[in-house]
Amino acid sequence: MTEEKKTKTPEEQVASLKEGMKKTEPEKTPAASKAENPAEANPKPAGPPKPAIVEQEHGPASEDWQKKLLDALGDKATESHVASGEFTIVLENGAAFPETMALIHENGYDYLSDISSVDYSKYEGAPKRFALAYHLFSVAGNHRLRVKVFLEEGEAVPSVMHIWATADFHEREAFDLMGIVFTGREGLRRILLPEDWIGHPLRKELSKNDGNAAYTARLVRKVREDA
Amino acid sequence: MFKSEVIELNMGPQHPSTHGVLRLKLKLDGESIVDVSPEIGYLHRGVEKLAENFTYLQALNLTDRLDYVAAISNNLGYIETLEKLGEVEVPRKAKYFRTLMTELGRLSSHLLWLATHALDIGAMTVFLYAFREREFILDMFEMVTGGRLLTTAFRYGGLKDDIPEGFERLVRDLIQIFPGRLADYEALLTKNRIWMKRTKQVGVISAGEAINLGLSGPVVRGSGVRFDIRKAEPYEAYGELDWEMAVQDGCDTYARYLVRLEEMRQSLRIVEQALDGMPEGDFCTKAPNVLKLPKGEVYHSIEAPKGELGYYLISDGKGTGPYRLKVRGPSFVNLQGLKPMITGHLVADVVAVIGTLDVVLGEVDR
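Respectively, the protein sequence lines represent chains S and G. Read in order, the letters of the first sequence correspond to residues 521 to 747 in the numbering used here. Read in order, the letters of the second sequence correspond to residues 107 to 472 in the numbering used here.
Just so you know, these hints were derived from the structure itself, not from any lab. Here the structure is a predicted model, which means the values were calculated and not measured. Idealized CB from N, CA, C, for every residue including glycine. Among the hints, a few may not be true.
[What the hints assert, rightly or not] Chain S stretches covered by chain G per the calculated footprint, using a threshold of three residues with CB under 8 Å from any CB of chain G: (1) 619-633; (2) 641-648; (3) 658-667; (4) 700-714; (5) 721-731.
Just chain G, with the same shape it has in the complex (with noise of 0.2 Å):
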């Protein structure tokens, strides 16, 4: 009586919930999806080979371009990389601040996410109020690096100036406004019941199928596996902060929103201790103008908003630039979640998946 046929459906690369050039060729059997396969690659810049010509320094630019919404984790990564290759002892008011920024920047990718991700769902109001607080954040971004996105912030060896005058009291600005403002986000959505439908039980992934993806970041953590490097692998000034690891159990995208969530409250608990416990110094070692490293290799790799960002490096003790330098993006990793993740849902699902898995395609594609 009724024919069933599975047909194909291109979603993107224009579709405004993907976050940017990202392709599904979806296949559905009515509105249910059989089988996904994400077509990447429409932002590849050929950002890796790219770097093999650049100098250490200049390849610092490209790495802004990576996860663009945080750039400031990529400078981090980066510059830490070259640091484990050059053997270098950065001083403790450099790593506290470099660690105070990092968090800003975890904040604000945690702000886009949830606006975009609440925006997708159909809660439009979120999206007006965590743009309001991003752009707190990227002003502060502006007055110490002179970028609002792309930061390019810290040098080998330190800092690239000190902290600038006014600094300080921004940040205690955003520490005394913004876990109200939290409380406004979670009063807007975390009991919602069109939110809780349409995000609990959607986008399942259990701890060890999530392990065995690769997948990184608050969506594993979402699962309940306790992996964050930065306490696995304490970089900065994470081993000395009191702070604590958010894991849920619920392993859908309610649990990796609660994640994020307590992830941003958490970020805040690290900036007001790094603020407090700033300590005074020089911010910068004395570092060579043009930078030659060690032959040999090293992968690096540090908890970014999105997940585990590492850097493979290779010097061959010759040049002033990377022989060879890969990105291990989180975004690009954790794509690969989406298809167990939506494979069995309708067709609207699929945009809260592609929200709760925060991909930035600048990192997919490189």
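Excised from the complex, chain S in its bound form (with noise of 0.2 Å):
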């Protein structure tokens, strides 16, 4: 890991990402705004009323295997439901998280198929701004599993390589692009981006340029810095 890592928060290399990107921006003539003023003035009129947000229909566990591995977790599960056919429960994030990931574990789910780090912070209804889903699968009772832990700004969550080993890209990949800190492993470094990449592109503040243009710029300074 590089030692800007160490010392800046996520926070703070986002924030130096957008100052990063100000001084690239051409500053705006009073012409250029001049332009902008008329539109805000008039604003548009009154579209026809939006029509209502469908929602997922959620439902309660049901199945035996679910009503078991509720039972085996007890009131470490904060919240459960099946939406779509699929079976989710909701973990608390803290130092007890990885026990109840290997009780899960214990319970057969031997299979962990991806982890999915979400940037909740546009989605209306989310109680914190990042998720983390553990998509888990068990081989021999072919049943499906999926775990969310929800994280503030700046939250690490205890890793859980040491239960499955796959879990290694995985939680790399999280951090690499969504800035999700994992604690209790080593090797947490970037995998995809390069080492020297600032901020992370999955998070919702950044558009899909914002990265790649401060890293270009910083390239062609260094290669005429180098000439």
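Quick one: dock chain against chain with the hints and give me the complex.
Rendered as structure tokens:
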């Protein structure tokens, strides 16, 4: 991991990235800002009322294997539901999280398909900003399970690499693209992006071009300095 | 008398046997490998971020470019994910045709694997033979979708177009000639002493380790694990057709070679049955012009030629595109099997093990 990474929190990195972006943008001329004003003064006429948002249907856990797992977990699972035939449980982040995951592993969920990171900052109704979704599968029992953990900005989550070795790449990817920090493991470094990339592109406040421009600008600067 | 020293060697990203832009940092003691760490990301295009800026249908184009040698499977996985969240029922004709097309895709992907894997190990003839048959299948894709590699096949609710005229005859021809061609490959390789020496007891991984590492597809079935999503959670028409899962207990490169060959045979069975039982009727349900999905999340996975291909889709109910689309690429995860498989072996075996993992870097880097 680079020195920069250790000293800067993700928010600071994003802030510095935004600053870098501002410098590269040309300053707006007065004429340009004038042109923008009339558009603001005349708001669009109100269109037809927006259709109500259709929600995915959520049901309670009904099948035996689902109830069995919920019994085994007790009050560790704060919420559970079945939607589109998929069983989801929500766990609290904390020191007990790896133990709970180990308990789930003992209950037959020996195959970790995927760890997905989500930025919920522009999503209505999410309890916290980030979430991790662990997609588990039981090879013998043929059941799928989703474990969700919600995280605040800057909140670290214990690694599950010692339970499922496959978590290595998934956690590195979540760190690389979403900036979620995993504790209790080694080798947490970027996997897809260059080591000296700034920011985490899958965060919603960054556009698809943000990091790219800053990275290219730095590359160009470096080439010029070397020349 | 002799000094022993561990040296570091970079293999790739421009090495021909890495099948793309994979860079391996090898730590060598003499010629045997002490440690290996794959460096990936050279082909990272930010597919997941791009998908958030697109509509659902536009994002279908991105899925072509994941595993670009089996784009049909990627299309199917993505479209099925949308259909799962949208809860739309697909006509039976579309189900059968999708099954047929994905199995042809599996054939073409496995043919490419066989060609390059054999070439890496030194069997040049198989390479030429396998490419000849692959052309045949790509011609069919061109006939149906207009694209040979980037197919963008299927649509929400069914197919884009009806089955073209003359397609059936092409498939019948393939069913006719392919078993003989497969026998040719086997004659060249299966009992070949050099082939056996290069693949047996190379890249060994136990069943427990393979599951813990999240390996999937032929890699895990070569270790005796009966895990195939087509059997475990049948999608499309797989539940209605008669075929068998290919499993081998050898745990090595040779066992995985046998698994893939058997899979090709089974694919051909599926293709034949799907063609014989092709139902009449609509090929697509009535789908809205601008697709909007309910607010919620789904994870759907299918058995792609490389293994479990999963899509995790979140919709916010307002937009016409994904709020978040996460792709679980089988190659990305299978690549983690490289280290336990290769440690202690020779440099020459790296080539065999990369071949047996059958990674496509477009899917690893996304």
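Evaluated hints:
1. Counting residues of the segment 619-633 of chain S whose beta carbon lies closer than 8 Å to any beta carbon of chain G gives 4, which meets the minimum of three for the stated coverage.
2. Restraint check on the segment 641-648 of chain S versus chain G: 3 residues with Cβ-Cβ distances below 8 Å, three needed, restraint holds.
3. Requiring three or more residues with a Cβ within less than 8 Å of a Cβ of chain G, the coverage given for the segment 658-667 of chain S holds, as 4 such residues are present.
4. Here the segment 700-714 of chain S counts 5 residues with a CB under 8 Å from a CB of chain G, which clears the bar of 3, and the coverage holds.
5. For a cut-off of 8 Å, the count of residues in the segment 721-731 of chain S with a CB near a CB of chain G stands at 3, and the three-residue condition holds.
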